[in-house]
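Trainee: Given chain R's structure and the hints, the job is docking chain D onto it.
If you read the sequences in order, they're chains R and D. The first sequence begins at 1 in the numbering used here and counts up one residue at a time. The second sequence begins at 1 in the numbering used here and counts up one residue at a time.
If you're looking for bench data, these hints aren't it; they were derived computationally from the structure. Glycine is no exception: its CB is placed at the ideal position from the N, C-alpha and C atoms. You may find that some hints are simply not true.
[Unchecked claim] For each label pair, taking beta carbons as the anchor points, the in silico distance ranges come out as:
#, chain 1, residue 1, chain 2, residue 2, range
1, D, Gly215, R, His174, 50 to 56 Å
2, R, His174, D, Asp195, 33 to 39 Å
3, D, Arg202, R, Arg257, 52 to 58 Å
4, D, Arg202, R, Arg82, 25 to 31 Å
5, D, Glu100, R, Arg178, 58 to 64 Å
2 protein chains.
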Amino acid sequence: MSNPLVISVDAMGGDNGPPVIVPGVVEAAAAGGFGDARFLLHGDAATIEAALARTAARRDRFEVRHTSLVVPSDAKPGHAMRRGKGTSMWNAIESVRGGEASAAVSAGNTGALMAISRLLLRMVGDLERPALVASWPTLSGVTTVLDVGANILCDADRLVEFAIMGAAFHRASHGVPRPTVGILNVGTEHEKGHDEVREADRILRERKFELDYHGFVEGDDIAKGTVDVVVTDGFTGNVALKTAEGLARFFRAELRRTLTGDVLAQAGALVASGALRKMSARLNPSAVNGSPFLGLTGVVVKSHGGADAQGIANAVRLAQTLASGGVVAEIATHLDGRGGSPGQADTERSVA
Amino acid sequence: MSNPLVISVDAMGGDNGPPVIVPGVVEAAAAGGFGDARFLLHGDAATIEAALARTAARRDRFEVRHTSLVVPSDAKPGHAMRRGKGTSMWNAIESVRGGEASAAVSAGNTGALMAISRLLLRMVGDLERPALVASWPTLSGVTTVLDVGANILCDADRLVEFAIMGAAFHRASHGVPRPTVGILNVGTEHEKGHDEVREADRILRERKFELDYHGFVEGDDIAKGTVDVVVTDGFTGNVALKTAEGLARFFRAELRRTLTGDVLAQAGALVASGALRKMSARLNPSAVNGSPFLGLTGVVVKSHGGADAQGIANAVRLAQTLASGGVVAEIATHLDGRGGSPGQADTERSVA
Numbered sequence: 001m002s003n004p005l006v007i008s009v010d011a012m013g014g015d016n017g018p019p020v021i022v023p024g025v026v027e028a029a030a031a032g033g034f035g036d037a038r039f040l041l042h043g044d045a046a047t048i049e050a051a052l053a054r055t056a057a058r059r060d061r062f063e064v065r066h067t068s069l070v071v072p073s074d075a076k077p078g079h080a081m082r083r084g085k086g087t088s089m090w091n092a093i094e095s096v097r098g099g100e101a102s103a104a105v106s107a108g109n110t111g112a113l114m115a116i117s118r119l120l121l122r123m124v125g126d127l128e129r130p131a132l133v134a135s136w137p138t139l140s141g142v143t144t145v146l147d148v149g150a151n152i153l154c155d156a157d158r159l160v161e162f163a164i165m166g167a168a169f170h171r172a173s174h175g176v177p178r179p180t181v182g183i184l185n186v187g188t189e190h191e192k193g194h195d196e197v198r199e200a201d202r203i204l205r206e207r208k209f210e211l212d213y214h215g216f217v218e219g220d221d222i223a224k225g226t227v228d229v230v231v232t233d234g235f236t237g238n239v240a241l242k243t244a245e246g247l248a249r250f251f252r253a254e255l256r257r258t259l260t261g262d263v264l265a266q267a268g269a270l271v272a273s274g275a276l277r278k279m280s281a282r283l284n285p286s287a288v289n290g291s292p293f294l295g296l297t298g299v300v301v302k303s304h305g306g307a308d309a310q311g312i313a314n315a316v317r318l319a320q321t322l323a324s325g326g327v328v329a330e331i332a333t334h335l336d337g338r339g340g341s342p343g344q345a346d347t348e349r350s351v352a
Numbered sequence: 001m002s003n004p005l006v007i008s009v010d011a012m013g014g015d016n017g018p019p020v021i022v023p024g025v026v027e028a029a030a031a032g033g034f035g036d037a038r039f040l041l042h043g044d045a046a047t048i049e050a051a052l053a054r055t056a057a058r059r060d061r062f063e064v065r066h067t068s069l070v071v072p073s074d075a076k077p078g079h080a081m082r083r084g085k086g087t088s089m090w091n092a093i094e095s096v097r098g099g100e101a102s103a104a105v106s107a108g109n110t111g112a113l114m115a116i117s118r119l120l121l122r123m124v125g126d127l128e129r130p131a132l133v134a135s136w137p138t139l140s141g142v143t144t145v146l147d148v149g150a151n152i153l154c155d156a157d158r159l160v161e162f163a164i165m166g167a168a169f170h171r172a173s174h175g176v177p178r179p180t181v182g183i184l185n186v187g188t189e190h191e192k193g194h195d196e197v198r199e200a201d202r203i204l205r206e207r208k209f210e211l212d213y214h215g216f217v218e219g220d221d222i223a224k225g226t227v228d229v230v231v232t233d234g235f236t237g238n239v240a241l242k243t244a245e246g247l248a249r250f251f252r253a254e255l256r257r258t259l260t261g262d263v264l265a266q267a268g269a270l271v272a273s274g275a276l277r278k279m280s281a282r283l284n285p286s287a288v289n290g291s292p293f294l295g296l297t298g299v300v301v302k303s304h305g306g307a308d309a310q311g312i313a314n315a316v317r318l319a320q321t322l323a324s325g326g327v328v329a330e331i332a333t334h335l336d337g338r339g340g341s342p343g344q345a346d347t348e349r350s351v352a
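Excised from the complex, chain R in its bound form (with noise of 0.2 Å):
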């Protein structure tokens, strides 16, 4: 690549701030991949340079941009929008909006970043919200169910855009040309469900838009890997995850309690403990960091507040991934000249 990527970082947001953030954003840098990356790091630059000063970064990729003005982390998506002006959050966006950047991450309050982005970044086409992605582990990989919470009412062809979006994400960061992608509902056959997943379905089903369209796919679909993208509206989409990281940590809660039962089950654990620990990884939804707002005109890649270095430089790989990977373009192409009606804008009512 000719010029180097600059990815854009809100360092102050989430629960760990710089002393999290920039470690790992140092380790995704050195990870490579993307030629010589720049980064532009916002937020108390005192801070940010004492983080930087205790890793072995290579001092000329990082650019500390100071503001000391920050998005609360229980800040209102409205009021942020309002209020959020020279924020470390809103800078790093803005970083994408005026050029300097091709991609943004933070792992700051989730409904202040989709209402800036939304702001600064505007939509693709008629697209009203982006969509939130989520990155399931399965038993043959990983697949890309969406939406997961921005958009709570969802017509058919919001649905669509999203089968569009999801495929050309995953075909980005995964590297399957033609992605095969299932519409959830409670029923494979044709006639199951409510008007908007039938609609949506005789719409893939007579345009292809680059994806393999599969049909509809059942919630134990998801886990199983069935399809590459799960398309959702983001009500259903947010109870199934949920529902699934509760059921995690259950397993986990469960799993402690029957190791530590009795002396034999003690034993086991013990002489299992490395595999457990290592499978404890694999178990939960949002193992996978990094969840992209997808149908912003840029590539915006929220963090769990609560990811630790390695979770950083996961979310930071994946804003590299699709930034050099072309996926706002290719959204674009794909969503251009479609029909669709405007969906539900009221940041209020979503999750995010």
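Mentor: This is chain D only, laid out in the frame that chain R set:
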């Protein structure tokens, strides 16, 4: 109890038929707790008699009602309703309608069972379709989740009905006098979600209906056991349940893979195998067998098609509990006098 309960059983439904269903019923009968409950066994007399002969059953508690007709496992609900007369499933429900039995149990085709139940037993009040209930294992016990697939479109009145029915069911089956109830949503604030959940939330905050209304809950609250009863529309509930079932299978597969991965893990697994086996049974949200159809004028309990004798016994015990606990009358009382608009009645669209 002066009049012993009579439970009507479709002995032919499910994957296994009389060789598994009959021993299951006999096991429930032997467990007692409901006086000298009696059982009507509908289906092929020769096969049922042969299965009975292999048990130590007190023969006077079982009455065989012969029919050679069965509802095929792949029958469409509409077809089962029009052509199901005289089948073992139909006759099992008919015994409840006629007053001969207090409850019916079937492991047959869910859609057919619901269609025939609606036709013969009718709905309480202005309900359109029964709600399907899942009894979901949690860290602290069992959470009742409804609807998990019968009612795809649910307005606020429907959700309020689920709250009332779910609380009555949970009270009867778990002995909790005033169950806590939550509505499943994408966040816990009153303004989150779509109109239907927000309106149902408003109604339940104003009127208490002998339940302890907690407010909105999220997906991870199900496994956490935050409330006794989780209310949701049949689309979301079905996706959540199947997503969890898929994840539970994924866990078990990962655990197996982990514990056979290397010699140390294998040794650990061998030592801890007893404890791990015990745990496995708790991990599946469908582990608790017996799902009632709530809202009918009689008790109908659906068993998994693949249930073993122990599972059938659980379903039969649930039928006894609900019949002796007067759940139908309680639901009728609570729903009586409530407003409410007719819901969707298109059987083909639902999961069942």
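Trainee: When the hints from earlier in the document are held up against this structure, which numbers fail?
Mentor: 1 and 3
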